[in-house]
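Undergrad: Single-letter residue listing:
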Amino acid sequence: DAGVIQSPRHEVTEMGQEVTLRCKPISGHNSLFWYRQTMMRGLELLIYFNNNVPIDDSGMPEDRFSAKMPNASFSTLKIQPSEPRDSAVYFCASSFRPDTQYFGPGTRLTVL
Amino acid sequence: EDKVVQSPLSLVVHEGDTVTLNCSYEVTNFRSLLWYKQEKKAPTFLFMLTSSGIEKKSGRLSSILDKKELFSILNITATQTGDSAIYLCAVDSGGSNYKLTFGKGTLLTVNP
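Chains as they are written, first to last, in my numbering: chain S, 439 to 550; chain X, 169 to 280.
Straight-line Cα separation of at most 20 Å, DMTMM-like style, residue types lysine to aspartate or glutamate; simulated pairs:
1. Lys-171(X) - Asp-234(X)
2. Lys-171(X) - Glu-194(X)
3. Lys-205(X) - Glu-482(S)
4. Lys-171(X) - Glu-237(X)
5. Lys-209(X) - Glu-449(S)
6. Lys-208(X) - Glu-482(S)
7. Lys-224(X) - Asp-251(X)
8. Lys-171(X) - Asp-494(S)
9. Lys-208(X) - Glu-449(S)
10. Lys-205(X) - Asp-251(X)
11. Lys-171(X) - Asp-495(S)
If you want the ones that stay clear, here's a sample from chain X, every Cβ over 10 Å from chain S, calculated:
12. Pro-176
13. Val-195
14. Ser-219
15. Lys-225
16. Leu-229
17. Ser-230
18. Lys-235
19. Lys-236
20. Leu-238
21. Ile-241
22. Asn-243
23. Ala-246
24. Gln-248
25. Thr-249
26. Thr-277
Since the hints were derived computationally from the structure, they do not count as laboratory data.
Computed from a predicted structure; not experimentally measured.
Ideal Cβ positions, reconstructed from N, Cα and C, are used throughout, including at glycine.
Just need the whole structure built from these sequences, with the hints factored in.
TA: Now the structure itself:
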């Protein structure tokens, strides 16, 4: 298995632009998580899905952030409009059990 | 709000030293505590702890949980330069669903 796949790996954009991050979870996993990691705040859970249904989005910073999971093999995290404070590494992870939560390689986002 | 606090935030040791990393937590619905190692990329799973007083061991790494005092420690003996990483502690407090709250991590640097 290729593991969790994220794209792009790096994204540099200007303030105000729309950014879309993509994730393909490991086949057979029924939970998918989006995290954001910064030096200041560490690793924060943004939203997670169970069987494609959003279960908890209380970590989503504000209305500029939205996430979708249209099917079991694909999810997107969208930021519109982006701001410099959104610069971070965004991880997607998938799991079937909590002790086997597999992380993708991350997308390093820089908003200028 | 669930909270996970790790200490120290950073630690510098010499090869061969033994280190102890700490993790304390306050959550409303504890199910398990997990330790992850993060090198230059995504976190990778080390241990999951659910019961007090039972040590989990993997090579030179070991961990134990105290559910009464709400903390866990991760020990690394005979450290090597390859142990240099960020060590993350997370608590699963999702009830019937999976939800990990992460601490900010301990940055361990092992010098030759």
